[in-house]
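K.L.:
Residue strings, one per chain:
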Amino acid sequence: GQSLEQPSEVTAVEGAIVQINCTYQTSGFYGLSWYQQHDGGAPTFLSYNALDGLEETGRFSSFLSRSDSYGYLLLQELQMKDSASYFCAVRPYSSASKIIFGSGTRLSIRP
Amino acid sequence: NAGVTQTPKFQVLKTGQSMTLQCAQDMNHNSMYWYRQDPGMGLRLIYYSASEGTTDKGEVPNGYNVSRLNKREFSLRLESAAPSQTSVYFCASSEAPGTTEAFFGQGTRLTVV
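These protein sequences, in sequence, are chains A and B.
Heads up: the first sequence begins at 1 in the working numbering, then just goes up one per residue.
Heads up: the second sequence begins at 1 in the working numbering, then just goes up one per residue.
Same shape as in the complex, but just chain B (with noise of 0.2 Å):
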């Protein structure tokens, strides 16, 4: 069972790159989350979906796109990296609404230089 996967791990992107961090659930949940964390910070909500078909803005949306392609796939794509984009990003899933609990991937180590 694999839960939440993101791929890649580690990236390094050089300031004004573009790339996409690609996320897949196997859970059949509804609604799926991008955050990103900075040293020694909380999760900040970058982008939701709630269900297919959907996305909304989080708490710091700036700078970022994301694509629910389907029930199982959500992107978050960096269109012109810029070094405060440095971080670490998680996806996470849930089923909702009703229950708190999500399940995050294993993170994107991601430097922009």
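Here chain A stands alone, though its shape is the one from the complex (with noise of 0.2 Å):
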């Protein structure tokens, strides 16, 4: 089976820069992808991570190693309309059309 986990919460201060984790357990996957979601919004995609290392795009990076079943999205430069939720997701091997997400985390920026 699939299982992605995020910690539930995350809270930052406007300019600082946050890191959010994505642990994963499964039997292999295409690569990891990451979603953002304003509250009362759909989710919209922000990256995707095919290989081990990290992959920039403006203040949002993610990173990805397989090795170590984990990967993370970083947030830098932080302002407020980055809070929201953010989701990883992966599409598995054992069925490739599936697209699983992760609990999400729920990232509030401070003034």
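Worth flagging that the hints you see were computed from the coordinates, not collected in a lab.
Don't be surprised by glycine CBs; every beta carbon is placed ideally from N, CA and C.
Incorrect hints may appear among the rest.
Derived contacts from chain A toward chain B, CB cut-off under 8 Å, selection only [as the list claims (entries may be wrong)]:
1) Ser33
2) Ala42
3) Phe45
4) Lys98
5) Ile100
6) Gly102
7) Ser103
8) Gly104
From the two separate chains plus the hints, produce the assembled complex.
P.N.:
Following this line, the structure appears as structure tokens:
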């Protein structure tokens, strides 16, 4: 089966850096994705790591280590608008068309 | 460019009533999904359709049925609604396999009383 674990809540200060972790137990998957969801809104795609290592997209970076069954999303220069929930997601090898989401991390930004 | 469109946006049902949630995408995607999200919770996969003409169960299929009407449309039916099905339902689509990026509709907020 597939299981993706995330911290339920993280709090950070505006302008700071925060890391949101995703640890997983899965038999194999195509890559690790991250989604953002504001309250009352729909999830939107942020990033995708097909291979181990760091992917950077503006203020956001995402990292994957398959050997450690671990990934993270790094948000820099935090802004109040970054207050949202963040989800990691995978497509398992066992069923490439499925997308399985983690439990989500609610990020709160303080001024 | 509409993307993924869900209807209705809000619905209140009485226990035992039935209803169908509609979803359509205009991106020519092969795969479509239905998720439910309970307050403060993650997204749980109800059913998915890898391509036109196929449907498969996800993590929480009990109490639901789906129809992949054509490549654009994927509907979710509640035959006999229960209070436990009170949730926000999201439809999504993606090109698949090969990419993990999924595009979501704006959600249907369903309350069963």
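K.L.:
Just to be careful: measuring from the Cβ of isoleucine 100 of chain A to every Cβ in chain B, is the smallest value less than 8 Å?
P.N.:
7 Å, holds
K.L.:
Measuring from the C-beta of phenylalanine 45 of chain A to each C-beta in chain B, is the shortest one below 8 Å?
P.N.:
Holds. Min distance 5 Å.
K.L.:
Would the stated hint for glycine 104 of chain A survive a check requiring a Cβ distance to chain B of less than 8 Å?
P.N.:
5 Å, holds
K.L.:
Answer holds if the nearest beta-carbon of chain B is closer than 8 Å to that of serine 33 of chain A; otherwise answer violated.
P.N.:
4 Å, holds
K.L.:
Tell me if alanine 42 of chain A is really an interface residue toward chain B, meaning its C-beta lies closer than 8 Å to one of theirs.
P.N.:
4 Å, holds
K.L.:
When the nearest CB of chain B is found for glycine 102 of chain A, is that gap smaller than 8 Å?
P.N.:
Hint holds; glycine 102 of chain A Cβ to chain B Cβ min 6 Å, cut 8 Å.
K.L.:
Under the criterion of a CB-CB separation shorter than 8 Å, is lysine 98 of chain A in contact with chain B as hinted?
P.N.:
6 Å, holds
K.L.:
Have a go at the serine 103 of chain A hint: is there a Cβ in chain B nearer than 8 Å to its own Cβ?
P.N.:
4 Å, holds
Of the numbered hints given earlier, the model fails none.
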